[in-house]
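Student: Below, each chain spelled out in residue letters.
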Amino acid sequence: MIIDREVPGSLQFQPTKVELDEEVAAAKATLLHDIKRSVYLYRCDLGGCNGCEIEIFSTITSVFDAERFGIKNTASPRHADIMIYTGAVTRSTRLPGLRAYAGAPDPKLVVAYGACGCSGGIFHDNYCVWGGADKIIPVDVYIPGCPPSPAQTIYGLAMALGLLEQKLHAETTVEADDERAPLRFETIPYKVRVEIEREARRLAGYRYGCDLANEFLTTLMLADVDVHGTMTQFIASQDDPRRVEIYRRLYDVLMSHARSDG
Amino acid sequence: MLKLFKEIRKTGCATVGYPFEPLAQADGVRGKPEHTADACIACAACAVACPPNAIQMIPDIEEGTVTWSINYGRCIFCGRCEEVCPTRAIVLTKAFELAVMSKADLETKSVYRLQACSVCGEYFASRKQIELAARILGQDSDQTEVLQAIDGLGICPTCKRTRDGVAASNHAKLTGGVR
Ligand code: SF4
Ligand code: SF4
Ligand code: SF4
Chain A
1 MIIDREVPGS LQFQPTKVEL DEEVAAAKAT LLHDIKRSVY LYRCDLGGCN GCEIEIFSTI
61 TSVFDAERFG IKNTASPRHA DIMIYTGAVT RSTRLPGLRA YAGAPDPKLV VAYGACGCSG
121 GIFHDNYCVW GGADKIIPVD VYIPGCPPSP AQTIYGLAMA LGLLEQKLHA ETTVEADDER
181 APLRFETIPY KVRVEIEREA RRLAGYRYGC DLANEFLTTL MLADVDVHGT MTQFIASQDD
241 PRRVEIYRRL YDVLMSHARS DG
Chain B
1 MLKLFKEIRK TGCATVGYPF EPLAQADGVR GKPEHTADAC IACAACAVAC PPNAIQMIPD
61 IEEGTVTWSI NYGRCIFCGR CEEVCPTRAI VLTKAFELAV MSKADLETKS VYRLQACSVC
121 GEYFASRKQI ELAARILGQD SDQTEVLQAI DGLGICPTCK RTRDGVAASN HAKLTGGVR
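Listed in order, the protein sequences are those of chains A and B.
Just so we're aligned, residue 1 is where the first sequence starts under my numbering, counting upward by one.
Just so we're aligned, residue 1 is where the second sequence starts under my numbering, counting upward by one.
Mixed in with the good hints there might be a few duds.
To be verified - As a list, the in silico EDC-like pairs of lysine to aspartate or glutamate whose alpha-carbon atoms are at most 16 Å apart:
hint, chain 1, residue 1, chain 2, residue 2
1, A, Lys191, A, Asp140
2, B, Lys103, A, Glu171
3, B, Lys103, A, Asp140
4, A, Lys28, A, Asp106
5, B, Lys109, B, Asp164
6, A, Lys191, B, Asp140
7, A, Lys167, B, Glu107
8, B, Lys109, A, Glu171
9, B, Lys109, A, Glu175
10, A, Lys167, B, Glu34
11, A, Lys167, B, Asp105
12, A, Lys28, A, Asp140
To be verified - Simulated coverage check for chain B against chain A, where a stretch passes if three residues somewhere in it have a Cβ under 8 Å from a Cβ of chain A:
hint, stretch
13, 11–25
14, 37–49
15, 66–77
16, 91–98
17, 148–160
18, 165–173
As the list claims (entries may be wrong) - From the structure, some residues in chain B lie toward chain A, with a derived Cβ separation under 8 Å:
hint, residue
19, Glu83
20, Arg113
21, Leu114
22, Gln139
Think of the hints as simulated: they come from the structure by calculation, not from any bench.
Glycine is no exception: its CB is placed at the ideal position from the N, C-alpha and C atoms.
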């Protein structure tokens, strides 16, 4: 499927991004990795769904306790060291976002929070969305997730403050000359495998159906001589009655093939 | 006061050890989608399924390649890619430490070669996909239809249609036309 990657960007007015002047940039570079005091953070919503807010606030509850690292939430950008921007930057939230940015004293760190804040996320191709806080202001840390879990948030903030290392790096792999994708469940005839997978997905939904079919087929692969015995034992060993029922039906599918193939 | 201390001792500490110790995560947590480049056949099923277009496939006709890419900064961790992947090349793991300082680090790419049609020479699918299809069909290679199907794998859909059309019209001529 070829998607026109310029839309809606090419049809929209593009805002000018706030640029840092050199002095602030230098001050910020010092702050970014060597802050020796507590930091206050201010959260600014630029049109998200509020999922991210909920996770930010669960980050400061006692279970994840961001205050262990001196990270505190503040109600005003005037006190903030870290600005957290959530949401995909909609038309009507751009100005409030810029005002909050201008309201916070320099140097300040800017965190783009959530899939929306990083790149627009699920709303990225909406007509009234610019897709990401970095379209209007300079961003220092990107925390992906929809929403990011509290642990992910702590990781991102700790990384911003130089406490933890970045783990994800850009990577490009190139197909090798004789690269072949492995054939899954090679010894099971393709049609039988597909039918078992289909039946499992029909009964248990795509995700769990896939897991169940995998378990069933793996057991089947290992059963060499006494297929009937192994599978009956496998089905009997399940403690969840739903699994028993689904595996029994998968076994029926298998047997109907065995009969028709002789 | 003593009572309070006793209470505190009884309740214990609710705070998790992360980041000083690994985080205990429940089963079924959906974290980073991990792509195994070797197992991927560049079939684009995941790119079609991905709701926010975090996975994209961009063909380069000049080079004869197609680039699979995932943007973790756009992924919503829904698991649709895992559901549709025929080879389980992309699977959601529990890894969650994805925050980065530069946006470019959010993207992972894999480059695959395209297969040119043996009749017209146009690229029409990825090489690995055709190769896997041949191997799957080869499992039943005792049937003539299957052998014919394997023969036709390297031909693009347009040429295949032309070939079938010609065959049908020849057949019609031989048997006195279609009524
Ligand atoms: S990233 Fe997801 S949870 Fe956060 S605001 Fe956007 S849609 Fe909501
Ligand atoms: S988990 Fe969902 S959003 Fe993320 S890459 Fe897979 S399909 Fe796309
Ligand atoms: S669905 Fe699986 S095999 Fe197909 S392109 Fe995506 S990762 Fe690769």
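Student: For each hint given before, does the structure comply? Return the numbers of the non-compliant ones in rising order.
Tutor: 1, 5, 17, 18 and 21
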